[in-house]
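Following the hints, complete the assembly by docking chain B onto the known chain A.
Chain residues, written in single-letter form:
Number of protein chains: 2
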Amino acid sequence: MLYLIPLPLTDTLTTDNLLIPQAREIIASTDYYLVENVRTARRFISSLKTGRAIEQLRFFELDKQTNLQQIAEHFKEIPPDAAVGVMSEAGCPGVADPGQVAVQYAHQTGKKVVPLVGPSSVLLALMASGFNGQSFAFHGYLPIQKQDKVKALKQLEKEAGRGQTQIFIETPYRNDALVNDMLAHLQPHTQLCIAAHLTAPDEFIKTQKISDWQKNKPILGKVPAIFLLGSLL
Amino acid sequence: MLYLIPLPLTDTLTTDNLLIPQAREIIASTDYYLVENVRTARRFISSLKTGRAIEQLRFFELDKQTNLQQIAEHFKEIPPDAAVGVMSEAGCPGVADPGQVAVQYAHQTGKKVVPLVGPSSVLLALMASGFNGQSFAFHGYLPIQKQDKVKALKQLEKEAGRGQTQIFIETPYRNDALVNDMLAHLQPHTQLCIAAHLTAPDEFIKTQKISDWQKNKPILGKVPAIFLLGSLL
Numbered sequence: 001m002l003y004l005i006p007l008p009l010t011d012t013l014t015t016d017n018l019l020i021p022q023a024r025e026i027i028a029s030t031d032y033y034l035v036e037n038v039r040t041a042r043r044f045i046s047s048l049k050t051g052r053a054i055e056q057l058r059f060f061e062l063d064k065q066t067n068l069q070q071i072a073e074h075f076k077e078i079p080p081d082a083a084v085g086v087m088s089e090a091g092c093p094g095v096a097d098p099g100q101v102a103v104q105y106a107h108q109t110g111k112k113v114v115p116l117v118g119p120s121s122v123l124l125a126l127m128a129s130g131f132n133g134q135s136f137a138f139h140g141y142l143p144i145q146k147q148d149k150v151k152a153l154k155q156l157e158k159e160a161g162r163g164q165t166q167i168f169i170e171t172p173y174r175n176d177a178l179v180n181d182m183l184a185h186l187q188p189h190t191q192l193c194i195a196a197h198l199t200a201p202d203e204f205i206k207t208q209k210i211s212d213w214q215k216n217k218p219i220l221g222k223v224p225a226i227f228l229l230g231s232l233l
Numbered sequence: 234m235l236y237l238i239p240l241p242l243t244d245t246l247t248t249d250n251l252l253i254p255q256a257r258e259i260i261a262s263t264d265y266y267l268v269e270n271v272r273t274a275r276r277f278i279s280s281l282k283t284g285r286a287i288e289q290l291r292f293f294e295l296d297k298q299t300n301l302q303q304i305a306e307h308f309k310e311i312p313p314d315a316a317v318g319v320m321s322e323a324g325c326p327g328v329a330d331p332g333q334v335a336v337q338y339a340h341q342t343g344k345k346v347v348p349l350v351g352p353s354s355v356l357l358a359l360m361a362s363g364f365n366g367q368s369f370a371f372h373g374y375l376p377i378q379k380q381d382k383v384k385a386l387k388q389l390e391k392e393a394g395r396g397q398t399q400i401f402i403e404t405p406y407r408n409d410a411l412v413n414d415m416l417a418h419l420q421p422h423t424q425l426c427i428a429a430h431l432t433a434p435d436e437f438i439k440t441q442k443i444s445d446w447q448k449n450k451p452i453l454g455k456v457p458a459i460f461l462l463g464s465l466l
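If you read the sequences in order, they're chains A and B.
Our numbering numbers the first residue of the first sequence as 1 and each following residue consecutively.
Our numbering numbers the first residue of the second sequence as 234 and each following residue consecutively.
Excised from the complex, chain A in its bound form (with noise of 0.2 Å):
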């Protein structure tokens, strides 16, 4: 079995209300892992307090630059039988995260994928911006360059005024230069939803026109957050 196990999005005291006890009892038995951040990990397992010494736990790393033959490495030194689990930094391993290699590796050798429910940035994101949840595109990191990111920021307009939910993050420091593009570059009516430290006490979600956003522009800072693009009903 191979179980993909999302992390709490937010290294927040809440995080034990928003683990289902399912993951928790595969945790509690399993040796083996494949994991983005082996320290963080190992501080999640070891706050779910499950009874089980974290030394006796075997980490293999894996990153964005992890291949197939480096997991099947791994594999070789995990007794065939043995469970093994899954860990990205937060969120879902294999959405906007490493972890797909791992999946990708275990459907060709007949091992049983199994995906636990967990936080999803992108899922959140989307339930709670009101948008299509009919039709939707993720798209990841937009272009770094200025040019590049607002001929992209225009095509999504695009989309999302044909009625397809357009999804896209920034990375941390970065989140206030989007927010100036979008609201220097996109249509007064476009309709943009930010969701900021989702799940975090000081959670953060709105939906409103850009020319809404214009009258009181939102200072972001460095909080993970995720960018909507979208049409109302």
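In case anyone wonders, no lab produced these hints; they're calculated from the structure.
None of the hints are false.
Footprint (simulated), chain A over chain B, 3 or more residues, beta carbon under 8 Å: (1) 252-259; (2) 326-334; (3) 337-343; (4) 356-364; (5) 368-379; (6) 439-453.
All values derive from a computational prediction rather than experimental measurement.
Even for Gly, the Cβ is constructed at its ideal location relative to N, Cα and C.
Just chain B now, with coordinates in the frame of chain A:
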């Protein structure tokens, strides 16, 4: 507060195991609900045994046809400071399910929207597919008419080949017809993931080439299923 409360994807004994403690707490202290199906919502809330009398809760229907005006009417019967829960029939409200219009009303009237962590077949399938989770699109249902459906499938195959994972669903009684159409009309090397009965004890998730599916054609029957075309790393 408008709480967006995901419901279990399947009607099984494992429900409790898949619910975050926060959702239970919120349901225990919420009296007003906008729900896709009153019977399902009542049964779900009852199953949690929160100690609240189900007769004291107020349910308003919210389906695909419900408009903003009707939501506004419902809110006239709800005290301004009361917490309101939104529930669709299964999974996350607003994602491939009704709910959007209630969220839109909340944004327009300055209510705080709080999306809760819970099961989404779209997200679980994407995680478990092994396909690109940095770029993906969900399309809901494909056209019913065969010629249009095949045309849509070929277009999705093209997009998937360019690296954007393509996700779609089908009415359960048409699952096997859709699989037949894919096996007949997509390229042999195209990667298809089929995810059926997610979170149920007989959950089935498999990713392989069309040519491999052809060798061993799946019979899904009338279970909830989700389909993905994508590229491997």
